[in-house]
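Since chain Y is already given, all that's left is putting chain B on it; use the hints.
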Amino acid sequence: MNSGPALVSILRQGDTLVASVHTALDDSEMIRFQNDLVRQIGEVRARGIIIDVAALDVIDSFGSRTLRSIADIARLRGATTVIVGIQPEVAFAMVRLGMDMGQVPTALDLEEGLAYLARLRAVGAS
Amino acid sequence: MNTDETAMDTEPGSSLSGNHLLPQLVAHLREHRAKLRDEWASRIRDAHLLEAMTPQEMVAETTSVYDNYVEVLETGSVEALQHYARDLSERIIPRGVETHEVVGIVLLLRDVLARSLFEKYQRDFGLLNQILDAYEPAANRIANTVAVSFVDERERVIRQQQDAIRELSTPVLPVRERLLILPIIGVLDSERAKQLTEQLLSGIRTHRAKVVVIDITGAPDVDETVANHLVQTVDASRLMGASVIITGLSPTIAQTLVTIGVDLSKMNTIGDLQGGLEEAERLLGYSVTRKEVSEGS
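Chains as they are written, first to last, in our numbering: chain Y, 1 to 126; chain B, 1 to 297.
Chain B on its own, in the form it takes in the complex:
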């Protein structure tokens, strides 16, 4: 790529709009918009980028990205650039586009445009140099900002999801007066196990619980650390005056626990959640009876 020799000289301080050649450059890019855009799109296809998109989406996306790109080249304002990059990331991340693809297409666009400039000004080498001097820092800055913003956006999404998981993961639910259930769904790592203990113990205090049913039907696996943590949680609950019933130990987990030698002798375990709730009701002195249905249904 003959324009790549100077591709690295991005100067953070250089102002894009300050250069008098930029308007001329932008006009050129606007004039040949359709041709350059198509060329860019075909380069993207050749490079096997954005294959998650349909051809129609490709046309729409490349057109809008192209227009915005030229606009940012023209105005050169940092806000417009950041806005453009953020907008691009927000639209593109939900479609499962990878970082290398985003950076790839922006770099491709930069190269396509540079080639076209090269072609147009090749007879006047001095002018070409000046044009490229104006173009390259601006183009590199766009590529840079887009990449950074894409990664930022992705990290933001990940953080958001982690928070959501954390909040969802360990609900302590009062079912009856003094009876809590704690359904555990998903992998229990030591971080979650710690959080679970905190929530359970403070839940016992808040709800004045006497019996807690911990249902681990939804936990695929338990390792030794987590199993011991579970035992400690049961002991701690007992110190606070609540008895714990564990339900839903899968065959795999039951075998694991026995194999790794976790001391379960003090644990009250019952096959399933239904049995656990019945046992809890018995401990609390509740008796649930089915009412005679009188309306003939």
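The shape of chain Y in the complex, shown without the other chains:
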């Protein structure tokens, strides 16, 4: 496997997993990221996942599809996924190319993403 610096760091914060994508991933790296993340959901019994893509200045169609699949898979395993940090140029390029995040919630940044998950939990608890 790849022995270089981590392309994605997956950190655990309570029952939330925070995955920061540090650099553009090619298709196989994307798949590996998906596998890692999906495996960890079960290991740490995560209820929420935040994928931070703030470092990316481009998201291609494969990337956005994989992000959507991750969210779908995570939902099947009981966790909600929020995509955060999509840059203005990236956002507009994505809609221009007809890509979207489907039903996956998005938020401005990590802070907003955590707030979103906290709200969701509050609603679920009440």
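There may be inaccurate statements among the hints.
To be verified - Cut-off 25 Å, straight-line C-alpha distance, at most; resulting in silico cross-link-like pairs (SDA-like, lysine to any residue):
| # | chain 1 | residue 1 | chain 2 | residue 2 |
| --- | --- | --- | --- | --- |
| 1 | B | LYS194 | B | LEU264 |
| 2 | B | LYS266 | B | VAL187 |
| 3 | B | LYS266 | Y | THR80 |
| 4 | B | LYS120 | B | ARG43 |
| 5 | B | LYS120 | B | HIS32 |
| 6 | B | LYS194 | Y | GLY102 |
| 7 | B | LYS266 | B | SER250 |
| 8 | B | LYS35 | B | GLN56 |
| 9 | B | LYS266 | Y | SER69 |
| 10 | B | LYS194 | Y | VAL90 |
| 11 | B | LYS266 | B | GLU278 |
| 12 | B | LYS266 | Y | THR66 |
| 13 | B | LYS194 | Y | ASP57 |
| 14 | B | LYS194 | Y | ALA55 |
| 15 | B | LYS266 | B | LEU283 |
| 16 | B | LYS194 | Y | VAL58 |
| 17 | B | LYS194 | Y | ARG96 |
These aren't lab readings, by the way, just hints derived from the structure by calculation.
Same frame as chain Y, now just chain B:
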């Protein structure tokens, strides 16, 4: 026009002041200033030029243009000429004078003066030729410079106004914490729509906005390209975590959008800006209540 045969021989390199006949020529034009100016003014009237001006303005303008013209003929310096032309354009453009009028009056003045020279020197044909040799290049150079400078000045004004419009056109205004409004006034073309998107998306990031109200009450019309662009802007904003409320869709625009089949199902639209702001406040959890006025007013 008997002096027009040689009117085109403008030599860019020829120096006006170099000719010894010019002082004599200028003296003549100064001497008959009142008569020539009046004749010129009546020619301008006959040609229906400068009709935007009142008679008093005409007198003032023609006098000053005449004096400057003769002065430039005399000194022949390029700076004086350019200064004169710029000054003329700056004074004349705000009054709605057209390019053909400016060029027209300068050419008329050239012809009036040439006629007068012709009249004065008609008995000595050799001298007349020399006088015209001195006069024509100088006069043509003035006409040329005035025309170029007038167009330049007008383009400068247009550029300035375009910049002003561009800066004015898409303000992104924070109304409350995390709430932006984006009033769209005037025609949305694709250039402006693109700019609007850029400003909105970067505004969302800067202000950490969660809700954006786009008010298009002031937009007279929207075509298919712009409508689709608007939809894309809404989608892009959502990707950045902000929800967009569109307000002020006029009956015409609403009908157009439905007719051209733009997919508006994902758009949150509310009748007017007031309703949009109320909805935005609701989304953000604000509640606005009116305070009891205690001072009896």
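Honestly, which of those hints from before does the structure not fit? none
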